[in-house]
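Visitor: Listed here are the chains, written in short residue letters.
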Amino acid sequence: MTAKRELLDLLLENARYSTEDLARMTDLSEEEVVSTIETLESEGIIRGYQAVVDWHRVKEEHIRAEVELNVTLDRETGYDDIAERLGRFPEVTTLQLVSGDYDFHLEVEGDSLQEVSNFISEKVAPTPEITQTVTHYVMETYKDRGIEFEDGHGDDRLSISP
Amino acid sequence: MKPSERVQRVPPSGIRKFFELAEEKEDVISLGVGEPDFSAPWAARDAAIDSLERGKTSYTANRGKADLREAIADHVAERYDLQYDPDDEVLVTTGVSEGVDVAMRALVDPGDAVAVPQPSYISYAPSVIFADGDPLPVPTREADEFKLTYERLAESGAADAEALIFCYPNNPTGAVMTESELEPVAEFVREHDLTVFADEIYAELTYGHDHTSIATLPGMRERTVVFNGFSKAYAMTGLRLGYALAPPEATAAMNRIHQYSMLSAPTTAQHAAVEALRTCDDAVAEMVATYDRRRKLVLSRFDEMGIDCFEAKGAFYVFPEAPGGDAEAFAEDLLEAQGVAVVPGDAFGEGGEGHLRVSYATGTKDLKEAMDRIEAFL
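Here the protein sequences line up with chains A and B, keeping their order.
Letter 93 of the first sequence, counting from 1, is numbered 93 in our numbering, and no numbers are missing.
When you read off a place in the second sequence, starting at 1, and then add 162, the result is the number in our numbering.
Hints listed in this document are in silico derivations from the structure and should not be mistaken for laboratory results.
Since this is a predicted model, take the numbers as computed values, not measurements.
Any given hint might turn out to be false.
Stated by the list, open to error - The calculated lysine to any residue pairs, modelled on SDA-like cross-linking and capped at a C-alpha distance of 20 Å, are:
id, chain 1, residue 1, chain 2, residue 2
1, A, Lys123, A, Thr141
2, A, Lys4, B, Ala451
3, A, Lys4, B, Gly370
4, B, Lys179, A, Leu158
Claimed, not checked - Label pairs and their in silico Cβ distance ranges:
id, chain 1, residue 1, chain 2, residue 2, range
5, A, Leu12, B, Asp495, 15 to 23 Å
6, B, Thr219, A, Glu60, 34 to 42 Å
7, A, Glu61, B, Arg178, 31 to 39 Å
8, A, Asp155, B, Arg303, 28 to 36 Å
9, B, Asp372, A, Leu113, 22 to 30 Å
10, B, Glu466, A, Ser161, 27 to 35 Å
Ideal Cβ positions, reconstructed from N, Cα and C, are used throughout, including at glycine.
Could you put together the complete structure from these sequences and hints?
Guide: Quick look at the structure:
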């Protein structure tokens with residue numbers, strides 16, 4: 001496995017591993033870890049680092065909606081044009097062109113149901129190329145970006161075994 | 163009732179005392195566990211559940227389900243270049259432990275000496291004794307990275323033994339043996355006409371190289387019983403499933419005992435195992451990659467702390483020297499002061515004294531914490 005791939009795997013597992021630990025867990029020196037990550041960042045392979053938050057445990061309202069969008073294209077407007085327009089809104093946290101029954105998949109986040117629904121009805125739906133929106137409000141998150149939200153079952157192995 | 167003499171010949175397990183000490187304490191991070199910290203791949207668990215839902219709860223053929231034996235034969239051919247006929251050279255057992263037990267009873271006569279390299283997994287010598295054989299310890303040395311050598315076998319008197327049982331990648335040392343290192347061992351075995359019991363349960367857990375089975379060396383297949391199973395690679399320890407590979411007459415002899423003592427290995431586990439072999443290669447590769455990172459983490463940390471440790475390249479153990487030399491005292495004090503459990507090496511026989519078995523089959527976060535605590539303890 002290349003150094004880049006190895007580091008990507010480790011950072012996907014935990015982006016807060018220290019440089020020292022990343023070096024220990026690979027065959028790389030600390031300097032190589034730093035420079036490889038810098039390369040990954042400058043090449044745009046690593047686009048950022050974020051915490052995975054269980055909003056239920058934060059004592060404030062946080063709303064997430066999954067939105068399906070259908071669009072019609074014309075000679076002047078392609079998928080990229082629509083994506084560029086929608087992607088500028090900070091409320092849109094994820095924007096993907098997908099295969100299947102609809103064209104775009106959006107994740108929209110906000111501090112209240114009102115805010116999110118207003119955003120979709122006032123900013124997204126009126127866009128001329130958008131023919132249909134279906135909004136799904138997230139009710140419960142069990143797993144996000146590979147991280148399970150239930151409390152772990154703990155380690156039930158014997159503490160010492162042969 | 164008086165226990166039989168053969169039971170009295172077997173001392174209680176040396177890890178028992180440590181287990182009791184560790185169980186008494188709160189907030190212990192245990193690096194003393196000899197099994198994966200992962201659960202079995204979901205596809206394998208799902209296959210087990212599905213088999214139960216379909217009511218597949220009866221016995222299987224004594225030797226194991228035919229499709230499982232075929233899948234095993236295909237797997238070992240592809241992975242280790244081992245060719246065995248699924249009909250009469252594969253026996254599905256209740257873990258390698260049962261496999262070793264029936265092999266000893268089927269192929270060792272009373273009074274036969276069986277060479278047992280030390281340190282080693284704790285079941286071998288007792289299995290020999292339960293078969294009324296005599297275990298012959300063959301100490302391995304740190305200078306040889308705990309590999310078995312022609313010289314160690316000769317010095318220990320293994321020339322007069324009838325059989326040799328060993329395990330590489332090794333529990334407790336993490337030592338491995340490459341093809342060129344196995345060759346002199348095979349030479350010794352052929353010269354002195356020994357039967358070989360090769361426990362290869364950790365074969366998938368090698369780092370930086372592929373496992374070689376001694377049975378693939380010239381003249382070895384006909385005198386070797388290979389043991390492997392699902393416990394370590396597929397994290398299925400509790401499902402209790404292994405297998406023995408051997409020429410037809412040896413397999414028939416083992417099956418003679420197995421059919422009366424076990425009847426058949428657990429049916430639910432056999433369903434899980436078929437699925438594991440069919441679809442879980444990626445899950446295994448992911449676990450192996452994770453073990454390797456933790457192995458490097460632990461070896462680096464020990465090196466930085468000044469703890470001497472050879473570079474173990476297999477299983478999920480490293481076997482450092484105990485600082486101060488007294489492994490038992492070190493392990494007890496470490497447990498008491500910092501709540502980190504490791505196992506003193508002498509629990510695994512001669513040659514293990516002065517060392518500690520440290521398992522990295524523990525979540526990376528806990529492993530890091532344990533390393534910090536060991537560093538604080540020094």
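Visitor: Give a verdict on every hint.
Guide: Results of checking the hints against the structure:
no., hint, verdict
1, A/Lys123 / A/Thr141, "violated, 26 Å"
2, A/Lys4 / B/Ala451, "holds, 15 Å"
3, A/Lys4 / B/Gly370, "holds, 18 Å"
4, B/Lys179 / A/Leu158, "holds, 13 Å"
5, A/Leu12 / B/Asp495: 15 to 23 Å, "violated, 38 Å"
6, B/Thr219 / A/Glu60: 34 to 42 Å, "violated, 51 Å"
7, A/Glu61 / B/Arg178: 31 to 39 Å, "violated, 54 Å"
8, A/Asp155 / B/Arg303: 28 to 36 Å, "holds, 34 Å"
9, B/Asp372 / A/Leu113: 22 to 30 Å, "violated, 56 Å"
10, B/Glu466 / A/Ser161: 27 to 35 Å, "holds, 28 Å"
The earlier numbered hints that this structure contradicts are 1, 5, 6, 7 and 9.
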